[in-house]
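As given, the protein sequences belong to chains A and B, one line each in that order. Last residue of the first sequence: 463 (this note's numbering), numbering continuous. Last residue of the second sequence: 1463 (this note's numbering), numbering continuous.
There may be inaccurate statements among the hints.
Claimed, not checked - Covered by chain B, according to a simulated footprint, are these stretches of chain A (three or more residues, beta-carbon under 8 Å): (1) 34 to 48; (2) 78 to 88; (3) 119 to 131; (4) 219 to 227; (5) 231 to 240.
Hints listed in this document are in silico derivations from the structure and should not be mistaken for laboratory results. The structure presented is a predicted model; accordingly, all values stated were derived computationally and were not measured. All residues carry an ideal CB built from backbone N, CA and C; glycine is no exception.
2 protein chains.
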Amino acid sequence: MSPPSWPSPSPTDTFVQRRRRLQARLDRPALLVSGLSRPRNFAGNRYPFRAESHFLYFVGRSLEGAALLVEPARSVLFAPEPDPEEELWSGAMPSFAELADACGVEVRSIDDFEAPPETLTVPAQDAESAAFQSDLVGRDIFAGGGAELDEADARLADALIELRLVHDAGAIAQLRQAAAATAWAHRAGLAATRAGIREAAVRAQMEAAFVAFGYTASYNPIVTVHGEVLHAHRHDGELAAGDLLLADVGAETPEGWAGDVTRTWPVSGKFSATQRALYEVVLEAQSAAIAAVRPSVRYAEVHHVAALSVVRGLVELGILKGDPAELTARGAAALFFPHGVGHLLGLDVHDMEDLGDRAGYAPGRSRSTRPGERYLRLDRDLAPGMAVTIEPGYYRIARILERAEEVGDLEPHLDRRVLAQFDDVRGIRIEDDVLVTKDGAEVLTASIPKTAADVEAAVGAAT
Amino acid sequence: MSPPSWPSPSPTDTFVQRRRRLQARLDRPALLVSGLSRPRNFAGNRYPFRAESHFLYFVGRSLEGAALLVEPARSVLFAPEPDPEEELWSGAMPSFAELADACGVEVRSIDDFEAPPETLTVPAQDAESAAFQSDLVGRDIFAGGGAELDEADARLADALIELRLVHDAGAIAQLRQAAAATAWAHRAGLAATRAGIREAAVRAQMEAAFVAFGYTASYNPIVTVHGEVLHAHRHDGELAAGDLLLADVGAETPEGWAGDVTRTWPVSGKFSATQRALYEVVLEAQSAAIAAVRPSVRYAEVHHVAALSVVRGLVELGILKGDPAELTARGAAALFFPHGVGHLLGLDVHDMEDLGDRAGYAPGRSRSTRPGERYLRLDRDLAPGMAVTIEPGYYRIARILERAEEVGDLEPHLDRRVLAQFDDVRGIRIEDDVLVTKDGAEVLTASIPKTAADVEAAVGAAT
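With the hints as extra help, turn the sequences into a complete structure.
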């Protein structure tokens, strides 16, 4: 594996074409704001700014305090004017002419913006950005309110979803870069692992691996010996020789495109027999799910394939008893694999989740309330150009397995004596980024060690 | 130099004593909120939460959505109740009993909070947190509005400043830990430097050095070959053999205490004669300023010592012509050293800057509008237990040196022909964290290479 290259920006034409395609779908003007940076402990100490995804899709750079007006016949980028006082501290800002050239769009001062009547928009994520947006469009916008749009703004949201759901060549090139940087991080994490250090030491090396090449984290890294905590964000655990380490870490390009990969590896470089057996169950489920990914397949079916495969594997190991298909229908997978098999991937690691389930669920479909399905973030028919994650897992979660109301009438099908033999496995997840192609699927993150043997060989190895 | 130890929490009694001291200063109840995490690109993808500093000072942990009520006779911590659904994803939350034990305070549910009449508060930094706070205290709180308090809240702010200005043993122990982690990062940055890599590669190693041991960045790292951009946050520059690399990077403990250090080193491991000459000017100014730090000295005087020293050095090199004292009085230092010599250091890297200049400027003092002094963030009489940074610099900034309105009548005193000989220096800053002691000062970050010879030896060296 070779280190990632420094991220390349998308060609200007990518953004020109995207804006044209949005223009063609609009009968009213639309405003997409970049937003404002968030203060940390005081106004002068702010979190790194990352523009709203809908803005990035059409502009490609995190310009703070800017907005893109898209009208049926043209687009105009409104940006803050370079401020000499600010430039003393932060360096030269691009001139409007430079911006116009780089983005292929007319650029004007945000101070001169006046919203045309009936301008559509979709809400920014935080309250300061939403206030900035409210001022621009002249009506109240509620931060993070993308799941509750009125009918007019919902038409804009649907147009955005239509464009962003199927990735163009520019988007795919960005996702490939994010995947390569993510792969490098996992290689670094495998290499850094040894007993006696803390989770934080591995996390630091994984993040450094892509930060060194100009990428950032697409979400807060999960690097934990407690894989059963699905989104564990503590990193103080010490790695013991018998532990599995679960690392869910992804890189993001400067244009905002995300990678999202999980690997689980033995701290010692050698799976125990029980760890290996369960690892193979999860890996088999992931392979089966990836094999099911192709155009026109409904994503809930991919989830079902993974769930059935997990149950079949657990029956083979004797942890579950009964007919796999029947057990799966009764929700047995959710005892050990309570989350969905994956989600959309794009500019957001859960792509367009700011719009609630509008992007993830096709019109007429909505979330099931059943265990194992209620956390499924995606149920569309797949189409070429869509990108999804495939990430089944196995977890021994006390608050599921030790509560009668969760296990319910599956109790007789659960062999707790056998389960106890697998006590050295708390959590395993295997996740890749998958692009739907014309006749199947391409795993964008295929270069990362994944078979048990490959993973074992990579632990502690030189990069 | 040895790696930092994993951060140790302050003893419970530290917080008990701090709350008592605040209680003794209040004649009305006060509420200090922790705040809420900030969404990044969608609600489920948030920046790492870091509680408000005034809350951390009295509680010591970043509990999201919590608030501390301090009344003259008692303190109560109001915290969110553990949520089983949330625990599936994020792991077990401490019970109220565990929290009470760890923090030495009564703990109750935030849902049961009712503000006593006339409760004082100081504003949270972002709008969501301020809205949370407004709901709790029953009046409108404006995010980041700490510089514009009414008279009653200002009394609370003054009590907070009185406590936080002079560090107790717990605070000093935290600052020492932050300093040690910061030192380790600078050692890693020096070691990682070589021509041909990007700034990002050095930045990644510096940050990883403290993240590996459980610390976070106290501010966005500056690692740049363009030191003349005071707060440069791009990291795409390539390191050339003749460049100086300026690294302004600090670590923060989990309780929120900050380190803040700048070093400037030659990419090649060898200063050129001109680089070395200017490096010595800045180092001499820093030494003189540190030597001036002791109880009862006014901080503006420390700034003046540094400014005079810089001017004297530049006169010796022939860049400036004239009498150093007279030139300094006429603002000549600001042509090359336009910022203040430092600031308060504590829980915030610019400590208590959320309260505007109320903490940094003693009552009756206010900012000068003169070049070189208008950015001075601190002008108090120093006292034992205060911590400050000392960070003079030299910068060749085009928008100062190439504009007649900035140079003004100092033009005849500026030898541009000599200045041109120092073209291989764009920016140098040398910054340490200094604790005022009973009879002088202690440099908390003294273990970081600083003399020209030590810095040269550390570039590219094994850690």
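Going through the hints against the structure:
Under a criterion of three residues with beta carbons nearer than 8 Å to beta carbons of chain B, the stated coverage of the segment 34 to 48 of chain A is upheld, 11 such residues being counted. Coverage of a stretch by a chain is defined here by at least three residues with a beta carbon nearer than 8 Å to that chain's beta carbons; for the segment 78 to 88 of chain A and chain B the count is 3, and the condition holds. Remark: the segment 119 to 131 of chain A is confirmed as covered by chain B, as 5 of its residues place a Cβ nearer than 8 Å to a Cβ of that chain, reaching the required three. Taking a C-beta to C-beta cut-off of 8 Å, the segment 219 to 227 of chain A contributes 3 residues in contact with chain B, enough for the three needed, and the coverage statement holds.
Look at the segment 231 to 240 of chain A against chain B: 6 of its residues bring a Cβ nearer than 8 Å to a Cβ of that chain, three or more, so the hint holds.
Checked against the numbered hints given earlier, the structure satisfies every one of them.
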